[in-house]
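Undergrad: Given next are the chains, with one letter for each unit.
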Amino acid sequence: MGKEMIAMLLAGGQGSRLYALTQKLAKPAVPFGGKYRIIDFPLSNCVNSGIDTVGILTQYQPLVLNEYIGNGQPWDLDRLNGGVHVLPPYQQASGSDWYKGTANAIYQNIAFIERYDPEYVIILSGDQICKQDYRDFLRFHKEKNAEFSVAVMEVPWEEASRFGLMVSDENDRITEFQEKPKNPKSNLASMGIYIFNWDILKKYLTEDEADPNSSNDFGNNIIPNLLRDGRRMYSYHFSGYWKDVGTISSLWEANMEVLDPENSGINLFDEDWKIFSRNSGMTGHKISKGAVVEDSMITDGCRVDGTVKHSVLFAGVKVEKGAVIEDAVVMGGSVIKAGAVVRHCIVAENVTIGAGAVVGAMPEGDSTGVATLGPGVTVGDGAHIGPNAMVSNDVEGGAEVC
Amino acid sequence: MLNSKTSALGIIFPNSYDATVPELANVRLMASIPFASRYRLIDFILSGMSNSGIDNISLLVNKNYHSLMDHLGSGREWDLVRKNGGLTLFPPNAEKTSLHYTGRISALESMVGFLRHQKEEYVVIADTNCAVNFDFKDLVETHAASGADITIAYNESEIPDGYLNLSGEGGFYYSYGLDNGRITKIYVNPTEEGTHNLSMNIFVIKRELLIEMVDVAFVRGLRYFERDVLLNSLDKLNVRGYKFDGYVARITSLQSFFNENMKLLDDANLNALFDAAPVYTKIRDDNPTRYIAGAKVENIMAADGCVIEGEVENSILFRGVKIEKGAKVKNCILMQDTVIKAGANIEYLITDKNVVVSDDKTMKGTDSYPIYITKNTTV
Numbered sequence: 001m002g003k004e005m006i007a008m009l010l011a012g013g014q015g016s017r018l019y020a021l022t023q024k025l026a027k028p029a030v031p032f033g034g035k036y037r038i039i040d041f042p043l044s045n046c047v048n049s050g051i052d053t054v055g056i057l058t059q060y061q062p063l064v065l066n067e068y069i070g071n072g073q074p075w076d077l078d079r080l081n082g083g084v085h086v087l088p089p090y091q092q093a094s095g096s097d098w099y100k101g102t103a104n105a106i107y108q109n110i111a112f113i114e115r116y117d118p119e120y121v122i123i124l125s126g127d128q129i130c131k132q133d134y135r136d137f138l139r140f141h142k143e144k145n146a147e148f149s150v151a152v153m154e155v156p157w158e159e160a161s162r163f164g165l166m167v168s169d170e171n172d173r174i175t176e177f178q179e180k181p182k183n184p185k186s187n188l189a190s191m192g193i194y195i196f197n198w199d200i201l202k203k204y205l206t207e208d209e210a211d212p213n214s215s216n217d218f219g220n221n222i223i224p225n226l227l228r229d230g231r232r233m234y235s236y237h238f239s240g241y242w243k244d245v246g247t248i249s250s251l252w253e254a255n256m257e258v259l260d261p262e263n264s265g266i267n268l269f270d271e272d273w274k275i276f277s278r279n280s281g282m283t284g285h286k287i288s289k290g291a292v293v294e295d296s297m298i299t300d301g302c303r304v305d306g307t308v309k310h311s312v313l314f315a316g317v318k319v320e321k322g323a324v325i326e327d328a329v330v331m332g333g334s335v336i337k338a339g340a341v342v343r344h345c346i347v348a349e350n351v352t353i354g355a356g357a358v359v360g361a362m363p364e365g366d367s368t369g370v371a372t373l374g375p376g377v378t379v380g381d382g383a384h385i386g387p388n389a390m391v392s393n394d395v396e397g398g399a400e401v402c
Numbered sequence: 403m404l405n406s407k408t409s410a411l412g413i414i415f416p417n418s419y420d421a422t423v424p425e426l427a428n429v430r431l432m433a434s435i436p437f438a439s440r441y442r443l444i445d446f447i448l449s450g451m452s453n454s455g456i457d458n459i460s461l462l463v464n465k466n467y468h469s470l471m472d473h474l475g476s477g478r479e480w481d482l483v484r485k486n487g488g489l490t491l492f493p494p495n496a497e498k499t500s501l502h503y504t505g506r507i508s509a510l511e512s513m514v515g516f517l518r519h520q521k522e523e524y525v526v527i528a529d530t531n532c533a534v535n536f537d538f539k540d541l542v543e544t545h546a547a548s549g550a551d552i553t554i555a556y557n558e559s560e561i562p563d564g565y566l567n568l569s570g571e572g573g574f575y576y577s578y579g580l581d582n583g584r585i586t587k588i589y590v591n592p593t594e595e596g597t598h599n600l601s602m603n604i605f606v607i608k609r610e611l612l613i614e615m616v617d618v619a620f621v622r623g624l625r626y627f628e629r630d631v632l633l634n635s636l637d638k639l640n641v642r643g644y645k646f647d648g649y650v651a652r653i654t655s656l657q658s659f660f661n662e663n664m665k666l667l668d669d670a671n672l673n674a675l676f677d678a679a680p681v682y683t684k685i686r687d688d689n690p691t692r693y694i695a696g697a698k699v700e701n702i703m704a705a706d707g708c709v710i711e712g713e714v715e716n717s718i719l720f721r722g723v724k725i726e727k728g729a730k731v732k733n734c735i736l737m738q739d740t741v742i743k744a745g746a747n748i749e750y751l752i753t754d755k756n757v758v759v760s761d762d763k764t765m766k767g768t769d770s771y772p773i774y775i776t777k778n779t780t781v
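Those protein sequences? They're chains A and B, same order as listed.
Once you know that position 202 of the first sequence is 202 in the working numbering, the rest is easy, because the numbers rise by one and skip nothing.
Once you know that position 298 of the second sequence is 700 in the working numbering, the rest is easy, because the numbers rise by one and skip nothing.
So that you can see chain A by itself, here it is in the shape it has in the complex:
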């Protein structure tokens, strides 16, 4: 029996704007919110929405991501029929190709989709933090008798020109698509989440592949072609929390918003919509005598002897006595030694910050930079890392990095 809808999750992006964080890591594998990775959000949304078949399109630095996904068990996606499948580019009799674009990545996996004979395919993006019930989206798609639907968010008009915009009529039917226009005619930004009728998607992917001039991209090619042919295209208004965490500052911001679920709208404490993840398996965290913890999220395995304010600590972080962490995101396994001061920054996994070192600074005037330390970096004792620094290599004791 065919599946009603399966999901294809685009997870091949390099995430070059996250610099040091994605040197060895695909963007969807970037840790988020204390115990998650970005990809946990779309995967959990799928499972919570009753989608049990997910293809993950990977290409860039897939090692960590592959290992993390494994057999899909943490998301309840280890299924006899369906489940999660990692789909890297592969060699075919006619030759081999990297995924040339988002559309080509799906095109190369038409055979995968056909195994499940779905009516609908939802295309998801692996670089967004969003809790969304895809069932509501599909209901909309069916009610409109659409061939293609795109989830859209209202954005402030002054920011609209940064997005791909859907112009639609009073019935939500899309009449025009503007990619980052100078003069926006709409403030409905595409979230990069699409539902296609499978027959339509297959037809347009095949046509697109045959076009040598195409960049094989959904936004640049597939959607304009659907519009050209007058297909039934609708925009589905989503009003929950949604954030593209493709930049250091937006990633930092989204982590800070997790600390304030009442106002930010991103609530990880939702029993009815759990976000699943692969577990660290560490003991409970400990906060010792004399430590200070305020307005923060702390995960299993942490040992806090210092001060932590308005920060997110991932599994197994150690904060030694006298160290101060403020407005910071500190990822798993990092050690902050005695007296170090870590502010307004992102510290990646397994970083060691030496005693008395200073990393980042609270914003002052025009300087709002989020200092970033890449995975595994060691910062020597007493070193200074400026608020705009992006550190991928070890820093010697006493050194200064701006």
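Some clues are possibly wrong.
Claimed, not checked - List time: in silico EDC-like cross-link candidates among lysine to aspartate or glutamate, alpha-carbon distance up to 16 Å:
#: 1; chain 1: A; residue 1: Lys142; chain 2: A; residue 2: Glu4
#: 2; chain 1: A; residue 1: Lys289; chain 2: B; residue 2: Glu715
#: 3; chain 1: B; residue 1: Lys727; chain 2: A; residue 2: Asp295
#: 4; chain 1: B; residue 1: Lys727; chain 2: A; residue 2: Glu294
#: 5; chain 1: A; residue 1: Lys274; chain 2: B; residue 2: Asp687
#: 6; chain 1: A; residue 1: Lys309; chain 2: A; residue 2: Asp260
#: 7; chain 1: A; residue 1: Lys203; chain 2: A; residue 2: Glu119
#: 8; chain 1: B; residue 1: Lys732; chain 2: B; residue 2: Glu749
#: 9; chain 1: A; residue 1: Lys309; chain 2: B; residue 2: Glu711
#: 10; chain 1: A; residue 1: Lys318; chain 2: B; residue 2: Asp669
#: 11; chain 1: B; residue 1: Lys698; chain 2: B; residue 2: Glu713
#: 12; chain 1: B; residue 1: Lys698; chain 2: A; residue 2: Asp305
Read the hints as simulated data drawn from the structure, not as lab findings.
Being a predicted model, the structure only gives us computed values, none of them experimental.
Since chain A is already given, all that's left is putting chain B on it; use the hints.
TA: Showing chain B alone in chain A's frame:
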């Protein structure tokens, strides 16, 4: 690692010493008593066996084992989902024997048929009232190298108060007199003050020998393996002691449950119990613990999923505990999903799962008499 598998199967007695903690074992059994903020006691033995390459483990459950079944599921978290072996539950077979096992002999007898068909050379047997990070591989290797018939693990310890109060059915504990590693004396329920070679009730024995001993003992109507069988076999069998020098948290009463949890607030103890090898437990997919502005915490251990807005000191919080604004919690052990409402003030309390302490309520036990509140109670 090609040779990481140990040629031993595991047998666990999850109900042993239930009677020592009647409060906690009322709705569950010893094996599923919560410990150290996110574990159940059985996690330690199961993880130890799993880490030692033992992946064929039988649980001789006697009663109250629903919570244990819920906790273990398929055994996946301990890497015990196996085509051959994995976890097997042996509840009492009401048709064949009585309604409950009456001792280790009748329990083991009920699975002798199973034992005959296994391939492992050795059997390791354990209770669950000790939280230990135990290397079963080393035990089996030491046993095999020594040429002993049976090897039993013990640690040097005083007799815990909880054991001294033991009485009635199966209320036995043992210590050993040793001569050059060989056990020459078994003391049943010793009471002398001072350090004993106190049994941890962790045994290793050849599978064939165990079957033989159980068959003979069952026919003779013997009940207790140590008291009725081992004690009288010391001259015939080579029974050796295996001294365990690692950290042992032995739960022998509600008071010791409280003390052993609290001891883990000392990093040295926590590291001693957990550093050697990972301890696995059921995954609940809780969010990280959230400390809301205004929270004040000092010297606590907390699992994921807590939301803390009040003041907490010297306490152990299990998964999903909520402490509301203005609440004060001191020297408490709060099990899963306990809610301490706004303005409540509690000290020396042990709350079982899903307990709610209402607004502005004050409740205080003492360090030698913590108050225990049963599962699902609203105070």
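Undergrad: Taking the numbered hints from earlier one at a time, note which ones the structure violates and give those numbers from smallest to largest.
TA: Structure breaks no hint.
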